[in-house]
Amino acid sequence: MPEPRPGPGLGDVTRGRILFGGDYNPEQWPEETWHDDVRLMKDAGVNSVTVGVFSWARLEPRPGEYDFGWLDRLLGLLHDNGVGVVLATPTASPPPWLGRLYPDTLPVDEDGRIEWWGGRQHFSHSSATYRHHAAAITEALAARYGGHPALTLWHINNEYCTYDYGDEAAARFRGWLRDRYGTLDALNTAWGTAFWSQGYGAWEEILPPRRAHYLKNPTQVLDFRRFTSDMLLECYTAERDIVRRHTPHIPVTTNFMPLWFGQDAWRWAGEEDVVSVDLYPDPRDPYGAQEGALVQDMTRSQARGGPWMVMEQATGSVGWRDVDQPKPRGLNRLWSLQAVARGADAVCYFQWRQSRQGAEKFHSAMVGHAGEHGRAFQEVKQLGADLATLAPRVSGTGIEADVAVLHDWHSWWAGTQEARPFDRADLPVVLRAWHRALWEAHLTTDFAHPEHDLSRYRLVVVPQLYLLTDTAIDNLLAYVRGGGTLVCGFLTGVADEDDRVRPGGMDARLRELFGIRTLHEWWPLPAGETVQCDGFRGTLWSEELEADGTAGETVPYKGGELDGLPAVLGKGRAWYLSTLPEPEALRDLLAGIADGAGVRPVLDGLPAQVEAVRRGDALFLLNHGRDEIAVDVPGTHRDLLTGATVGGSVVLGRYGVAVLTSAASGAS
Amino acid sequence: MPEPRPGPGLGDVTRGRILFGGDYNPEQWPEETWHDDVRLMKDAGVNSVTVGVFSWARLEPRPGEYDFGWLDRLLGLLHDNGVGVVLATPTASPPPWLGRLYPDTLPVDEDGRIEWWGGRQHFSHSSATYRHHAAAITEALAARYGGHPALTLWHINNEYCTYDYGDEAAARFRGWLRDRYGTLDALNTAWGTAFWSQGYGAWEEILPPRRAHYLKNPTQVLDFRRFTSDMLLECYTAERDIVRRHTPHIPVTTNFMPLWFGQDAWRWAGEEDVVSVDLYPDPRDPYGAQEGALVQDMTRSQARGGPWMVMEQATGSVGWRDVDQPKPRGLNRLWSLQAVARGADAVCYFQWRQSRQGAEKFHSAMVGHAGEHGRAFQEVKQLGADLATLAPRVSGTGIEADVAVLHDWHSWWAGTQEARPFDRADLPVVLRAWHRALWEAHLTTDFAHPEHDLSRYRLVVVPQLYLLTDTAIDNLLAYVRGGGTLVCGFLTGVADEDDRVRPGGMDARLRELFGIRTLHEWWPLPAGETVQCDGFRGTLWSEELEADGTAGETVPYKGGELDGLPAVLGKGRAWYLSTLPEPEALRDLLAGIADGAGVRPVLDGLPAQVEAVRRGDALFLLNHGRDEIAVDVPGTHRDLLTGATVGGSVVLGRYGVAVLTSAASGAS
Amino acid sequence: MPEPRPGPGLGDVTRGRILFGGDYNPEQWPEETWHDDVRLMKDAGVNSVTVGVFSWARLEPRPGEYDFGWLDRLLGLLHDNGVGVVLATPTASPPPWLGRLYPDTLPVDEDGRIEWWGGRQHFSHSSATYRHHAAAITEALAARYGGHPALTLWHINNEYCTYDYGDEAAARFRGWLRDRYGTLDALNTAWGTAFWSQGYGAWEEILPPRRAHYLKNPTQVLDFRRFTSDMLLECYTAERDIVRRHTPHIPVTTNFMPLWFGQDAWRWAGEEDVVSVDLYPDPRDPYGAQEGALVQDMTRSQARGGPWMVMEQATGSVGWRDVDQPKPRGLNRLWSLQAVARGADAVCYFQWRQSRQGAEKFHSAMVGHAGEHGRAFQEVKQLGADLATLAPRVSGTGIEADVAVLHDWHSWWAGTQEARPFDRADLPVVLRAWHRALWEAHLTTDFAHPEHDLSRYRLVVVPQLYLLTDTAIDNLLAYVRGGGTLVCGFLTGVADEDDRVRPGGMDARLRELFGIRTLHEWWPLPAGETVQCDGFRGTLWSEELEADGTAGETVPYKGGELDGLPAVLGKGRAWYLSTLPEPEALRDLLAGIADGAGVRPVLDGLPAQVEAVRRGDALFLLNHGRDEIAVDVPGTHRDLLTGATVGGSVVLGRYGVAVLTSAASGAS
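Protein chains in written order, with our numbering: chain A, -11 to 656; chain B, -11 to 656; chain C, -11 to 656.
One or more of the hints may lead you astray.
Just so you know, same-sequence chains aren't split out, so a pair can sit in one copy or run between any two.
What the hints assert, rightly or not - Okay, derived cross-link-like pairs now, SDA-like style, lysine to any residue, Cα gap no bigger than 20 Å in a straight line: (1) LYS30 to LEU553; (2) LYS559 to THR506; (3) LYS559 to THR542; (4) LYS546 to LEU594; (5) LYS559 to GLU541.
Honestly, the hints are just simulated from the structure, not real lab data.
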């Protein structure tokens, strides 16, 4: 991971506050509405809005002709009313004229189909023409607004997520491959082109993995995913470098989508001053809170443990869900405070005022169709007040975790392909299951890359890292040698950096670490089937393993083809799980190993529905249930939200939150 | 709705008869078979056949070279045997030479894929070349057969249903948009192009809504649907005008498909002399009879209450159903007489004789593969006799309805798009549920457009009209002010003509009409879930509503997040349903409101399985059950079908039908 | 079916042995690994490997430049170690340079999308350029290795299965149609182009059945399937003729996929010296063993009853299954010996050593990722020893069957199309059900084409032959007249060679044969529904039949719409089943009819889980259960596998096999 560039950060934007606001698209409204907006923003405690995300056609209605007047007026109005501005480059949605004049800017999919304008993100990351025009509008924006007092943060593009299989992308792909491999021989070796007669004799023969008659070369697909992430990153850094040149003191971000397949967020985060994410758990999802916690922990870790931004969330419906219910009363506040508990110093929404037109007019907003009397806005006001109350004690503070979950995009990219025997055991499924187990055990958890320095963690868990580089394997071995406790799930260490299966089907060093002599066969489980182990049932996966007798602890399979073979092996501080235990069993197993490693839950005796996180000196207690519940908290505390003093026990109502500090420090 | 053109109508074709026959494609058979056909037609009472629907390649085997000899002989033969001819223009399936010589006549789909010849309907509605050749063959046909004594009706094309996203269609789309909006500013405003940077600076930038990376502009999609319906209508009127020029005394039709998404049938019907429809309820569908009634009521209403044609139905299988069962014994007759009961004066089939070859050789026919001894033909003969018996008393008579169901294609087009929270509550689902409730309450029902004059109805129901123009809203308000009773379902009045959400998420005038202060949130229900209300369960949908206290009647939700909020509001004669009650509850609710509005069922005490309709002075009783059942009918009647006198009660056998008139009038 | 060419056969390769080995792709490994391979091959008794299947890019890295050095060394090494070589032409996967230099070699799909290189089989069967280059590399291989002492068999291409809808294919399709029909009139008649105005006026108008707006012409689709099979066959025969010219003494094969839709395997087999197949039943499929038996019986029949090859099977996982489990302990051996029992003289795998890279690195191998200590290789060694033990008594011997199941690809192609009422009753479903019934009745079964001489069978069954030529119908009638017993399933004899429905919906001669007067209607059954018959339940299908009173045996439907109508008709030795009886009922019905025809099971009193086959003078007993079971075998035998003498009863363990010969002959 690249070192963070010294420079401005989120603290320069928050200055002791928690940012509260959202995307603001006033170009959709008459200017008289802007004044109503400002009135309501002040009413709700909004202190930051993001403008310009999709304004290119408005800012540059014809090639090279700019119209900044409306934006001048808008920034002036916001500044006059104390609302800071996150200014976006509008390059995520080029104006229609770009596509019409320069069809080479349009992306082409795997099947050769053009993606036309009429939606958004109809740009090819590889198009020189697109990059040229994106740079020009960015330059113009930075030149005009770099010195504007309202400007607090740059927001580059939006939710980078596109791909291109066309000819210009093919040419760039070849260039990227030349940089990576140097020679065709090296590429042929890395891709294993001896299989199926795919040996390349000239660079010009290489294509993106376009539609094929049958299975594609997996390393070609993997490299194309790496290339796609890198091309998008080039688009980002090109714009970032322009705004930095104008405003070296203003930090820069781009908003991630949660656990998004297409971007190597570790690498991307290293190019950002501020890490931000769009957070959309489904209110109907019984594991929505856990999903939120996962994204929050991952984003905080990408921000190197420092505060981070919720750039987008929804007060209710989103428009694109099969069953698109709003958040029930209180849930918006609860999930927002959960993000703060896990390190967010900015709670923002898409969007301020709900659009009356366009493809997202059924995406909820801070001010919904129902207007200021709607429940959504009333709850937003309450939340704004809460955030203002919390900010002085919370903003800028950090979170300590003793546990790290390892995650790597390259492993995900390699493992999620055609013709694998582990479709059902795909990385996100397994990752979520493991994080949920830790969450349910009330263990505060970071995420880390497998090549990161892990020495500050007492416990490292690897839900699934199918691909591990030699460096990563060495890192894990060193971590255990250094006294760390490691728990690995199945399908870890199968392949090397080029997606080449390691001899034995699992790296020999790892097998030795866990006490495995031979990995005979994988036994994936069908949907709905489990495998009985001694004391619990396994799901998704099982393995025909032969132990080498060195493991001190073994949990065997019971019955069936695997009867008596090891399901779990524990050799010293290294543990291997060849199946996915059912949720409670995985929770208890990890909690037990954590306990052995000296890792304690945030609070003892917590009810299942209550989440507890310590941020700085504040203890957040979040009730994810709809029923009132009492939580024992030894000692006397002050609840920052209510100002009340709490002794020994705190009662949380439906979706209730308490933020406790020691009573002594309550005087601040 | 345009006023009907004064001119010829269905009565000029029927002349006191009920038309009986079908599509006849003798070009598939040797001419000796034609004589056998005529023999069987006479045997079955066939008095009308449709010829030429797919004869273009036969009529014009090479560009500009016509071969009419076979058709001359055919029309002569039919005329000599007393069978009238509905003559079709063959433009629904151009000959292969047209596509080969003029590839610009081929449609292109959303993804840029050509639709080749080899099936049917491979024509672009926008192609000038196609239109030119279609006009030429139409002209030639009209010139040759306009004076033929067998000719009774023109049938233009067949089941118009195509689309085109290609370049010529794009050019026509721009022209259509110029006509609609005048200026680009107006278009940008209507489409809300400020969202996602879609502002158009030149007409040439506008495209059909082709494949995009993400969600498309919904008003662009809506306008493209309007445009598509209009282009097809232009194709229709161009051919209609040609035949009218030759034969002003011969009426013109084109056959609709039932509740077809692609055509604004209100507008189309205004351009027809005769309204006809293809009627294909599934014999296995437990609601097949209701589906038939819906299509029949809608078609009759499109025909302004006058008689209409069943242009196509099937004696049995259709070839394209997943489980394609034939009609059980008696069902063909029952469903045919149901159409007559609901206003049809023509009962026709696709097709007369089952094809031995081609894509529809498993579509049943009047004479099936089994031939004249097959059950299908034997039942056809019986039906022919019944229709001849009924005709003198029924042909040309009308139906009175006190209830109207509102329907509008533009609302359907706007509401059925990507990224809506109401996928499961799509218009056809809700429309069918409401019509079924009225059907089960034995209430005779028309359909109407929301801008129609509604004053002659005692009860108007709006199952769902997501989009309502200001004119339509004014119309509804005036209707209630004028003493009418209105019942509206959810998702009504959400958007204006441009698919712009109205402030408050529902038109303010409507909210006031129903007593709604604030519409806080929509709560769509997942499949299989219901919401408890006081006295019934709701399905599909629910709403977080705040009443303004003016409604006199309220049925609340019970339990859950909406506990105590209004599910149903009744304010004077205006009712609002924020959920879809389960079938029996909706039936009872609507029956109760109807009763309050002075609307009575056709007959009291009808068993559930018996449908009753009054047409002219005849009372049709239709037993949709397989068990014999007795129906009480006060007074003495004559059954037109049997000639029997019926006193007080009539017994209907399996799928049995009685057509009763007062005994006095039985002498005719 | 063409007569087999006199010439070399499998016996010239086996020479009293059973071939054992697999695809060997040493170009994926360093040459030092080759020596380890040879060591393990000897250890496992491997005597034959297939090389070069996907070596084109390695053999011809640039157009016209060959690199044979590595293959020279490889063949030398194999020969020196007694391993015979099946040498493949590498034409199934052209090198990237071919596609880049000659884009005309790439196939185009139905929607106009190119299939690019990067996978495999990206060649157009119709491309003259492809054929030229394929011939050149074949010529070079044959010239260089025709005289090599290791060479035992030619393997042309691999799993022919491609298609092409592009312009060059269109031109060849026209040529193929000209050859078939001679005149456009004949084509128009055969295709029934009078339907939907599809009449062709020039050959140039004819296209492959590309994407259409609606249903395609079914005879066009049928002919395109015939054409596709024939074009692929032309590719095969062109290469075959080249190698034959060089090595008339070396037999030639290409490997079929089991019951593969795309190839008329009867016709193809006639062009092969050796028939080989790839055999992949799913180890999790409860009917996996029956599926294996079906493919084995079909392949043996394609080999005219003579021995045949398992060219590919898997020791375990395959990579492309949804739930891709390995074979449990013992199953690889059991299913391999089942193939030998049913006539295989070669048991080979894809592949020898599991690839570490590429799209099939999770396809198991003889030497898996786990290496020589893995269970897979240990079981392979055991199997190699068993095959060597059996070979002297088994290799080259034949199997006698009294029962034939008829199958025809043309019928399958015609019957599996859009807009048929029999989607659920598709041929493979019915074929498998009937073969399974015979398998469960322990009746040894051949497959035959409906125009084959059937006189040597006592019983012929036709599960479903929707299309039957007049010749085939005459053949069936003659077979019954000659004393044979015939059992036909529904949907037989519906269409003629051009997919023209025969008058009456079923050929009149067949109706007369079975005693059917009128076939009124088909009643397909929905999934999960059955129809009650007298004594059993029918599935999938039922028919409204009117008998003519000549059938001596009738089983009626009971209840429902078909109450009392015949479900089964038996008229003398001709039987008709208008439904698919549930498995046990079909088994008992066919066993009863077989018994009446003098056909006996292989052994009386066999447990259900035990399969018995007589090959030559050996009786194979195969236990498909995981529990030990005893089988009564009258008399005294020797078990060839163990050498033990068996008296009266033999006990088979989990997946156990015994191969018994009479004790007397045990001395050989």
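Going through the hints against the structure:
For the homomeric pair LYS30 and LEU553, neither the shortest alpha-carbon distance inside one copy (65 Å) nor that between copies (31 Å) is at most 20 Å. For the identical chains of this complex, LYS559 and THR506 are intra-copy neighbours only, at 16 Å inside a copy versus 63 Å across copies, given an alpha-carbon limit of 20 Å. Proximity of LYS559 to THR542 under the C-alpha cut-off of 20 Å is restricted to the intra-copy arrangement: shortest distance 9 Å within a copy versus 68 Å between copies. Taking the closest pair of Cα atoms, LYS546 and LEU594 never come within 20 Å of each other, the shortest separation being 33 Å inside a single copy and 33 Å across copies.
Taking CA atoms no more than 20 Å apart as the test, LYS559 paired with GLU541 passes inside one copy only; the shortest distance there is 7 Å, against 72 Å between copies.
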